[in-house]
Amino acid sequence: MTGIEYVIYAFLGINIAFNLLGSFALHRFSEVYTRLHGATKCTTFGTIFAVLAVIVHAVNRLNITGDPKYLQMALHSLVALIALLLTNPTGAHAIAKAAHLSGVKPVRAVIDAYEVKLKRERGESP
Amino acid sequence: MIAPVFFYSALIIMIGAFFSVLRILLGPTVPDRVVGVDTLNTLIVAGMVLLGAAYDRVIYIDIAIVYALLSYIGTLVIARYLPGGLR
Amino acid sequence: MGFIVSFVWSFMLWLMLTAGTKGMLWSPEEIVAGIIFSTIVAYSTRNIIGEKTTRFLNPIRLLELVVYSIGPLFWGMVKANFDVAYRVITGKIRPGIVRVPVELENDAQYTILSNSITLTPGTLTIDACPEEKALYVHWIYVREEKPKSSEPVSGSFEKWARRLGR
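In the order they appear, the protein sequences are chains A, B and C.
Per the working numbering, the first sequence starts with residue 1, numbered consecutively.
Per the working numbering, the second sequence starts with residue 1001, numbered consecutively.
Per the working numbering, the third sequence starts with residue 2001, numbered consecutively.
Okay, chain A solo, but in the shape it has when bound:
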């Protein structure tokens, strides 16, 4: 019992640390792309551990009480995690591409190969 509680505490600790780090990254960095790195990916990692903590808790309660409500809780959390993992990187990619096409260029970038490619497609000299 206590061992499982320590596992849940550890997962929730990782979750809180990375979720807070992701939202601090929004204010730490100075332009869109680096903010995207910190924000969308650290929060995805934190949320994985939040869902894992809930799954461990639900399976533990299921073993103790035998209530089918906890089976539903574990399975539904798993579906929520899969939905988040499938949709989150696609959303981040869509934001990054839209930001670049709408004219927000990366500041302080050492190289911008995508800008070179876009200029070549428009027929300008890079």
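No lab work stands behind these hints: they were computed from the structure.
We put the CB at the ideal spot given by N, CA and C, even for glycine.
Just so you know, nobody snuck in bad clues.
Across the chosen pairs, the derived CB separations fall in these ranges:
id, chain 1, residue 1, chain 2, residue 2, range
1, B, 1026, C, 2056, 40 to 48 Å
2, A, 120, B, 1026, 29 to 37 Å
3, B, 1073, C, 2032, 24 to 32 Å
4, C, 2035, B, 1026, 48 to 56 Å
5, C, 2046, A, 4, 43 to 51 Å
6, C, 2057, A, 123, 40 to 48 Å
7, A, 119, B, 1056, 51 to 59 Å
8, C, 2043, B, 1074, 21 to 29 Å
9, C, 2066, B, 1012, 26 to 34 Å
Starting from the known structure of chain A, arrange chains B and C on it as the hints suggest.
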């Protein structure tokens, strides 16, 4: 009973959500605000799952599933319109 | 064929979401309602999955996908998340967009590789160009400005993507 732990971690995650709301309000450009909205969506999904465990209600986790899928569509629509209309 | 694949997957999702309605199993009403709704969904989406639909029902391929997401992808996420945490705290960044040449064939492989690259922080796919066989990747700390392969960006992910999306 371990339920208060889930409640307090949901509370701390909502502090992070407050910071992303601050970015939505401050953000100098539109993509900055969209990044804030995307972060807020992920944090709300995490918060709903944790609250579902804290109050022993499965329906909260169902709301988290639907919110994850719908917020993704919202982000995609904004990203599609951002470069200047549907082309 | 698309009808069968879509039916099987939506019925499995229904079974997963309604487990535990009668003891630990499913009540008969839920199964009948699931078959009806899965038929509706499968009929309306039967033309969306165009080519090679049978690979969605190949159990070995699905097992490989699960092994990939638990093993190399999760380990890559752990390593890269601590890297980004270090960069958030110290602020040592060297951002840039690099062109990464890849050797992939179909759209599924491009989807798997670019989603894996985006899911491991530190790298973020901005655009995928199948016609010139390249990905444009925003990198938070550029180590090579003109990489010759996807090895420095994504490690072994390209090999896995080529294997999973066949």
